[in-house]
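**Student:** Kindly generate the complete structure, drawing on both the sequences and the hints.
Chains as they are written, first to last, in full-length UniProt numbering: chain F, 1 to 123; chain S, 1 to 461.
Since no wrong hints were added, every one of them can be taken at face value.
Think about it this way: if two alpha-carbon atoms lie no more than 16 Å apart in a straight line, the pair counts; the simulated EDC-like pairs of lysine to aspartate or glutamate are:
#: 1; chain 1: F; residue 1: Lys15; chain 2: S; residue 2: Asp419
#: 2; chain 1: S; residue 1: Lys255; chain 2: F; residue 2: Glu94
#: 3; chain 1: F; residue 1: Lys15; chain 2: S; residue 2: Asp283
#: 4; chain 1: F; residue 1: Lys15; chain 2: F; residue 2: Glu121
#: 5; chain 1: F; residue 1: Lys49; chain 2: S; residue 2: Glu289
#: 6; chain 1: S; residue 1: Lys97; chain 2: S; residue 2: Asp139
#: 7; chain 1: S; residue 1: Lys336; chain 2: F; residue 2: Glu119
#: 8; chain 1: S; residue 1: Lys102; chain 2: S; residue 2: Glu119
#: 9; chain 1: S; residue 1: Lys307; chain 2: S; residue 2: Glu342
#: 10; chain 1: S; residue 1: Lys307; chain 2: F; residue 2: Glu119
#: 11; chain 1: S; residue 1: Lys255; chain 2: F; residue 2: Glu93
In short, the hints are calculated from the structure, not lab data.
Listed below are the residues making up each chain.
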Amino acid sequence: MVRLITHNLLACHVKGCNTNNFPLQFQDVQIELREADFNADFLRGFLPKIEWNALVDAARQLGDTSLPQEQPTMIDDDFLKALHHVLLEIHVEEGAMVCPNCKHVYPIASGIPNMLLAEHEIG
Amino acid sequence: MRDPYLFVFAQVHEDFRVPEILSIAELNGFTIAFSESPDPSRPFMVLELEDEQHARILARRCILIKAIYEYYGRGSTYEELHEANKGKRHLWSRYIKNTSFKFNVTAHNHTVPQWRQREVVESFSYMDFQGEIDMKNPDIILGCFEEYPSRSGTTREKHEGDGDFIQVWFGRLIEDGSARPLVKKFDVKKRLYYGNTSMEAEMSLLMANQSLASPGKLIYDPFVGTGSMAYTTAYFGAQFFGSDIDGRQMRGKEKQPGIIRAAAQYGVSSRILDLCTFDVTHDPWRCGELFDAIITDPPYGVRAGAKRLGRKKYRPDLPRSSPASIDDQPYIPPTKPYELAELAKDLVLLGRYLLKPGGRLVFFLPTVTDEYQEVDVHTMLCEGMEVIANSLQDFGSWGRRLVTVRKTTAETYPAPSFDAGISMASRAVDGVEEGTSHVPAHQDFRRKYFEGFRKTGESDK
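**Tutor:** What follows is the structure, encoded as structure tokens:
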């Protein structure tokens, strides 16, 4: 768990941390690969929501270089298969996500990230 | 060209029947016509469909459908029924030759004695079916249902009142409902992981159908708890995302999170996209319009009170808590109670932000039966969000309503501010005048529950 699809949707939400608060940086991660159902419609529908550079960088940080640096304009089956694997089959089980701006550490334990904030961070 | 079909419903959750079939019809892109306004208290309804295949789709997905028949007729007496049935000869004449058949004569709220079942079958002899009677594998099954008034709570002889039915219905079986066994499959007691706030299987299935769960959809529960709705929505093919302010509910005691273990039991763990610990009023979503549906049973304070980050009162005497304070313990920030009426309003605003256009918000709202008014549900609405179903599960002095709201707007709205106490007037909607003093029956629900729903003015003696 903490798949890259989730990572691509989460930003640091500490009060006042509004710039450079995405994407969160992985730290000390343990990864597992697990197969998921392939659904082309789901991927096509989700593509407009993806921050492409953040996805490619996160994948490379975790050792997967199957995605091109530039988002292709032609969406073919090979591309969708690669996208499927990166978005849905790489699971970060342990480690943390760190805000590049305020350095807040969001720990990940047994695949569940803790995105709670401390009292002084909610204002 | 529409044809009438006889729907036979399970004798539970009557308020949920029509919303469920309308949802599954919408999910599959067809419509259902009502030739008469349905009486939801009765388990028989005649509804019009464009295609027999639509009846099959409904029978395979709707939890509350027992069976669907091609409709031949009804009557308050057998004479009336036979008259109607003779008028439908063009529908059944093709079965007269070379078709094996079977007659089922049953009753609702009654048992028809064997000797009269035979009599009823013989009364249809004018149909002149020449095929074999085959009790095991007939080509067609004809169903005759006598509907009796409920006589629960009274004692009577075994067959007393036999024949005094309100109505008798007749038709040819299209398909038996095959979704009802899912209620057993998802039985909470047989689940590997559950808690004392887990939603019963039948309701979590009905909620999944209201959310139009299907392959390719992304569905979110912001109060996921022990994941009751995760399993049913994922079973119908949707991708599911859950979050909760309390991670312990999602995890349980073993290393592998409880929700994942239970999902694996149902073969759907790969569709639990992710689980996340955060407070819905301080959420980390980068953008809105992410989900096809939001499905949730908000904590309304009886077994589990709603909480949000913050303190009840500002306490300058206490040191500020900080995530780094204790090294070996997970940091648990302070929380404060979250009033149900506020939570419900925030949930609708959150739905408008996070749902795609046309997406659905499906959630339970507990209300005090005596105080409930139709306007209550509207007090929490906002522009661009429209109630499309509101079904009561009645527990007597209180009940809970499964509310389905559709996002009708394609405009982009900002994330809600979650500031409790935004004036009611700014959310005034049709039927609610500005400055109204009406208090919805779900406000302060927890206190009313523990006071036993006494009427205002009654006091302790």
